[in-house]
Amino acid sequence: MEPKKNPKADLTNNSGLYFAIGLVVVMFLVWRGLEYKKYDDKIEYDITQNLDDLLDEEVPMTEQVKTPPPPPPPIAPEVIEVVEDEVEIEESVIQDTESSEEEEVVEVNEIVEEEVEVDLDVPFSVIEDVPVFPGCEKVKSKGAKALRDCFNEKIKNHIRKHFKYPEIAQEMGIQGRVDVRFVIQKDGSIGQVQLRGPDKNLEKEAARIIGKLPKMTPGKQRGRAVRVPFSLPVTFRLQ
1 MEPKKNPKAD LTNNSGLYFA IGLVVVMFLV WRGLEYKKYD DKIEYDITQN LDDLLDEEVP
61 MTEQVKTPPP PPPPIAPEVI EVVEDEVEIE ESVIQDTESS EEEEVVEVNE IVEEEVEVDL
121 DVPFSVIEDV PVFPGCEKVK SKGAKALRDC FNEKIKNHIR KHFKYPEIAQ EMGIQGRVDV
181 RFVIQKDGSI GQVQLRGPDK NLEKEAARII GKLPKMTPGK QRGRAVRVPF SLPVTFRLQ
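In the working numbering, the protein residues as written are 1 to 239.
Derived by calculation from the structure, the hints in this document are not laboratory data. Keep in mind that the hints are not guaranteed to be accurate.
In the DMTMM-like style, the derived pairs of lysine to aspartate or glutamate whose C-alpha atoms are separated by at most 25 Å in a straight line are [as the list claims (entries may be wrong)]:
no.	residue 1	residue 2
1	215	167
2	220	121
3	161	149
4	156	121
5	138	128
6	156	167
7	186	137
8	156	199
9	145	199
10	212	121
11	140	167
12	154	171
13	212	137
Work out the full structure: start from the sequences and follow the hints.
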């Protein structure tokens, strides 16, 4: 006859669970054992004992000794020298060696301010009496505007009369405008010619034309002859 076992009574069914629970319990006990620390008992220290000891000690009193001030120095007796009236005391005279008794007197003549004539440059457009180009004397009675118009017309005629296109500039096809600036001096002559153009040959021709300007009657400002700058363009254009 075979023995019959109840399946519920089989202890091997939950052996894995029991093993895991036992392992966790053992690890917990080991961890707590490693983390366990023992501290010394706390010793309380009564600070009032030191305070009582300090209060019981006696602090010695120190006495400040005052030193008396030093005695004043003895007063020397004044010595009074008696001089008889009959004795004459010679006075020592100190002679000044730096200055002589005879002082030299230097006369300063009165300074006369000399009037210095200052050269002024008055532009052609604002000068009171414009320079007179030869041949414009007949319109002087008509006023400053007539003189300016006559001056400009004479300048244009002078350029047309003496104008000559440089051959080398023609061959190279150079053309353009040369800006000319000159000054009508206080004696009516032409000076301080300045030129600026696209080519040296054109500038040279413009300078030659300006150099042929005749001597003029100088311009005046407040009745005094002044220098008058004047500017004009000279155009070189190939046909």
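Okay, the hints, checked on the actual structure:
A hinted pair counts as satisfied when its Cα atoms are at most 25 Å apart, and residue 215 with residue 167 does not qualify at roughly 29 Å. At most 25 Å may separate the alpha-carbon atoms for a hinted pair to count; residue 220 and residue 121 meet this at roughly 11 Å. This hinted pair checks out: residue 161 and residue 149 have alpha carbons roughly 18 Å apart, not beyond 25 Å. Simply put, residue 156 and residue 121 have alpha-carbon atoms about 23 Å apart, close enough for the 25 Å limit, and the pair holds.
Simply put, residue 138 and residue 128 have alpha-carbon atoms about 18 Å apart, close enough for the 25 Å limit, and the pair holds. Of the pairs offered as hints, the one joining residue 156 and residue 167 holds, with about 22 Å between alpha carbons and a cut-off of 25 Å not exceeded. Our distance criterion of 25 Å between C-alpha atoms is met by residue 186 and residue 137, whose separation comes to about 18 Å. A hinted pair counts as satisfied when its Cα atoms are at most 25 Å apart, and residue 156 with residue 199 qualifies at roughly 22 Å.
A threshold of 25 Å between alpha carbons decides the hint, and for residue 145 with residue 199 the separation of about 35 Å lies outside it, so the pair is violated. With a C-alpha separation of about 22 Å, the suggested pair residue 212 and residue 121 falls inside the 25 Å cut-off, and the hint holds. The hinted pair formed by residue 140 and residue 167 fails the criterion: a straight-line CA distance of about 40 Å is larger than 25 Å. Among the hinted pairs, residue 154 with residue 171 is inconsistent with the structure: their alpha-carbon atoms are about 31 Å apart, more than 25 Å.
Using a Cα cut-off of 25 Å, the hinted pair residue 212 and residue 137 holds, with the two alpha carbons roughly 20 Å apart.
Against the hints set out earlier in the document, violations occur for numbers 1, 9, 11 and 12.
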